[in-house]
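Could you slot chain B onto chain A? The hints should help.
Protein chains in written order, with UniProt numbering: chain A, 1 to 232; chain B, 1 to 88.
Take every hint as true, because none was put in to throw you off.
Here are a few chain B residues that face chain A, going by a calculated C-beta distance under 10 Å:
1. Y49
2. V50
3. A58
4. S61
5. V68
6. H88
Straight-line C-alpha distance at most 20 Å; calculated SDA-like pairs for lysine to any residue:
7. B/K48 / A/R55
8. B/K86 / A/V95
9. B/K86 / A/E91
10. B/K80 / A/V95
11. A/K53 / B/V52
12. B/K53 / A/E129
13. B/K11 / A/Q65
14. B/K77 / A/Y93
15. A/K53 / B/K48
16. B/K48 / B/S61
17. B/K86 / A/L88
18. A/K126 / B/S56
19. A/K115 / B/S56
20. B/K54 / A/Q130
21. A/K53 / B/G59
22. A/K70 / A/T81
23. A/K126 / A/V113
24. B/K53 / A/D125
25. A/K90 / A/L79
26. A/K131 / A/S119
27. A/K126 / A/G51
28. A/K144 / A/K154
29. A/K90 / A/G80
30. B/K54 / A/E122
31. B/K10 / B/G41
32. B/K54 / A/I132
In short, the hints are calculated from the structure, not lab data.
A quick note: this is a predicted structure, and the numbers were derived from the prediction, not measured.
Heads up, the beta-carbon is just placed ideally off N, CA and C, and yes, glycines get one too.
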Amino acid sequence: MLSRAVLSTVATAAPCVKNAALLGPGVLQATRIFHTGQPSQAPVPPLPEYGGKVRHGLIPEEFFQFLYPKTGVTGPYVLGTGLILYFLSKEIYVVTPETISAVSTIGLLVYVVKKYGASIGEFADKLNEQKIAQLEEAKQASMKYIQDAINLEKSQQALVQKRHYLFDVQRNNIAMALEVTYRDRLHRVYREVKNRLDYQIAVQNMMRRKEQEHMINWVEKHVVQSISAQQE
Amino acid sequence: MASVVPMKEKKLMDVKIGELPKWILMRDFTPKGIAGAFQRGYYRYYNKYVNVKKGSVAGVSMVLAAYVLFNYCCSYKELKHERRRKYH
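So that you can see chain A by itself, here it is in the shape it has in the complex (with noise of 0.2 Å):
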């Protein structure tokens, strides 16, 4: 990609200069595409449960096949006795103090083989099985977060669905807090106006009672001042 860069720079910038055997690798580099092709999506073939069959340890059993149509069951065996007798007389086979060695050594392994071979098996298996269940927990456990979370997701996803719910309440609330205000302010108006007309009324019964109370005093002043004047 820096190399593309650089090659467009260096054209437009310097178009006189053609150095073919500068900008060559940087052309290669920039052209080359990888993994153009698909990848396989056959799924992958389980292992096979026995390996091919052998027989004695030693011999597999197709050699057996081969021979039965000719010479029946006992064939391979009269074969291997006699290649064993002919090795023996002719002495391909040399008897030597390590024939001995060798046959104690594989008589002692044929008998371990034959006592514990099968508890050895079962054990490998069960090591096996355990390895192939902690990978089942692990796969299991993650399937089920994945799941957990999709399940989540979807639940988030329909209460979007169930948010006019939420605007509801919020346009109710603010609609009562409005009509609370008007009713507070239309409270206030109406005690003000009582207020003052209260005001004028008292004004008004002040200005009575002063008036009766002015005229009694006159009146009494009056008939005072006329009865002492009789008097005298």
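Using the frame of chain A, we list chain B on its own:
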């Protein structure tokens, strides 16, 4: 009825005895071909006897037996002197 399978793709078991030299000469003897042949042989044996769920001792024992035979053949020249009789 002539066989329609071309010579190049026949397996060894299908080749007739008379055609054997021709078939052998047709194989790929470049270093890459020989390496490929060893790789194929190894994987054929491995996938048949070792890479299974319930493998047995046969997978290993056949290799060891072949190794024993190979060593015996290689050291036959020295063993010839330990024969009990000279003429058989």
